[in-house]
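Number of protein chains: 2
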Amino acid sequence: MSASARERSDRERPIGVFDSGVGGLTVLHELLVHLPREDFLYLGDTARFPYGERSGAELRQFSVAIARVLAERGAKLLVVACNSATAAALPTLRSHLHEREDPIEVVGVVGPEARTAVQQTRNGRIGLLATPATVECDAYGDAVRATGEWLELVSVACPDLAPIIQAGFPFDEGVVETVRGYCGPLLSAAVDTVILGCTHYGLVAPMLQRMLGSDVTLITSGRAVARVVERALAARNLSSRRGHEGRYRFLCTGDVEAFAAVGTRFLQMPLGEVERVDVATAASGAGVLTDGALR
Amino acid sequence: MSASARERSDRERPIGVFDSGVGGLTVLHELLVHLPREDFLYLGDTARFPYGERSGAELRQFSVAIARVLAERGAKLLVVACNSATAAALPTLRSHLHEREDPIEVVGVVGPEARTAVQQTRNGRIGLLATPATVECDAYGDAVRATGEWLELVSVACPDLAPIIQAGFPFDEGVVETVRGYCGPLLSAAVDTVILGCTHYGLVAPMLQRMLGSDVTLITSGRAVARVVERALAARNLSSRRGHEGRYRFLCTGDVEAFAAVGTRFLQMPLGEVERVDVATAASGAGVLTDGALR
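Protein chains in written order, with my numbering: chain A, 1 to 295; chain B, 1 to 295.
One chain only, chain A, in its complex shape (with noise of 0.2 Å):
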C-alpha cells in the first residue's frame, strides 16, 4: 500500500469505544451527534458488568484486554467511556497504546468533563455527582486541581443513582426523590456548575436541572469527549472524510439481546445488531488493519 493510501485508509478506520456496560451509550450517542461521518465501534463489557467494586488492578487488566480487541479491530483512537476506568487505567492504556508501532491516542471522560467544568463556572464552585468509587479516588479533584485555578468541588457520592437508573423506565416518584436528595448538598454549597460524573446520570439530566435550577449548568461527558476526540482526530490527521454518515457497530461480552433492549433507551438511536465477543481469548485473533500486537 502506498504512504497515501495508508494515510487515507487510517482516516476511515472506525473510533474504538467502551464501557463495563451500556451507560457509555450515552457518550457514544454525543459522539454520533457531532462526529456523524466517523465509524464507530462500541465493546460493552457486560459480563464484568458493573466496574464500580472492582480493584484498580482489575480494572487496568480490563481495559488493557479490552484496548487489544478494539485495537485489533482496527481503532484509530480509543474513547474509555467508562468513569471508574478512566479512573484507574488511562495512564496504563496511554503507555500501552502510544508505545505501539501505530501508537493509538486514547481519550477519557474525567479530563474533558472536569476542564469544561473549569470553563464554565463563575462563582468558583463545582459540584460533582458521581459513583463511590469515582468520589473516593479523586479522580476529578485531581483533574480540578490541574488546571492550576483556585475553585472549591463539592463531591456528592451517588450509591443509589446509577442502579435505578438502569432498572427503571418510566422514572417514578422514587427517582426523583432519590435525585433530589442528592441534590441538597449541591444547592447548599450554591455552585453553579455541576459535573455528570457517571455515563448513566445523563437520563435525569431533567430533573436534575428542574431541581438545582436553570441558571447551574450541568456538564456531561459525552460533549465535551465529542470535542476532544473531533481535535485529537484532527490534529493527528485523522478525521474521517467520508462523504455521508459513517456506521456504529456493538460487541458486548454478555448477553445480546439483554444489551440490545436496554441500549436503545440509552442510545436513543436504532441499534442494530450486537455481536457477542471474548475479550480474553479474542486477542489471539486476526488483527484487520494494524499488527495486532500490543505491547
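Since no wrong hints were added, every one of them can be taken at face value.
Residues from chain A that face chain B, not an exhaustive set, calculated with beta carbons under 10 Å:
hint, residue
1, V33
2, V175
3, A226
4, A260
5, L267
6, P270
In case anyone wonders, no lab produced these hints; they're calculated from the structure. For every residue, glycine included, the Cβ atom is placed at its ideal position computed from N, Cα and C.
Using the hints provided, position chain B relative to the given structure of chain A.
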C-alpha cells in the same frame, strides 16, 4: 383580598399549556426545565387528535373552548403548544383572552421558533420540517417575513413523520430512512439552520443532527417558547416567587391511560395522575381563581 395579596396569588397561578395530544409534552418538558418554580396545567385534546386535518374554523372553536377550561382553572398565561392550533387560532385566542377583565397573555409556538431561527442563521438559508397543514398555511413564512430580514425559507412537508414518531419506539431503520428522505431537500439547499416545526420532531433530533451535519443548528419550539414565556411573566410581574419546584398536572379529553403510557416518552419525567376532562361542557364548571367568564 387586598391588592398585594391578589398580586401574590396571581403570581402563583399555573401556566396553562394545550396541544392536540402528547406532542406538546416536548414543549412542556422545556418549560419544566427552564421555569422550574412555576406550576403547569397541561391539556391534551386527545379525543379530537390529530389537529393536522381540521379546518381553521374547527381549530379556532376547539382552542377557545380549551382556553376557557384552562382560564377557569386559574391559568395566568396560556401556551399553545401545537403548531396547527397556533397557525389557525392564535389571533382569535388573543382577542378573546386579552379582552377579559383579567387579561391572559397567549404564547404560540410558531413566532418564537421562527425568530430564534432568524437570529441563528449565518448564511440566510433556513430549513423547515413541518406537517403538510403547517407548510400549506405558511405561518413560518409569515413569521420570518415579519422580522423584515431578507431570508430564504426552504419548507419540507413531512406527512409521515409525526405518526411514525408517535407509534414507534425503539426507532428502527424504517424511521431512519423516512427521516433521511425529508432531510434531502435541506441538504441540497445548504441551509445552516433547521426549524423543527412540529412538537413531535424533537424526539428524532439526534438522527436529524447526524444527517444534516453538526454545523447545522436545530431549532425546537420548546426552548424558544420557554424564553418567551419567561419574559412575558417577568414583564407582567407574574413570575412565581416560590422557593421550591412547582407542580405539574395533566388533563386530557380521551383515554387517560393511553395518554399516560405514550406521554412519559415525550415528557422524559414522571407524569403522575391524568384527569379526564370534557372540554365542551367543562366551561359551565365553577372558576377557581378567575371569574370564569371568557368573552
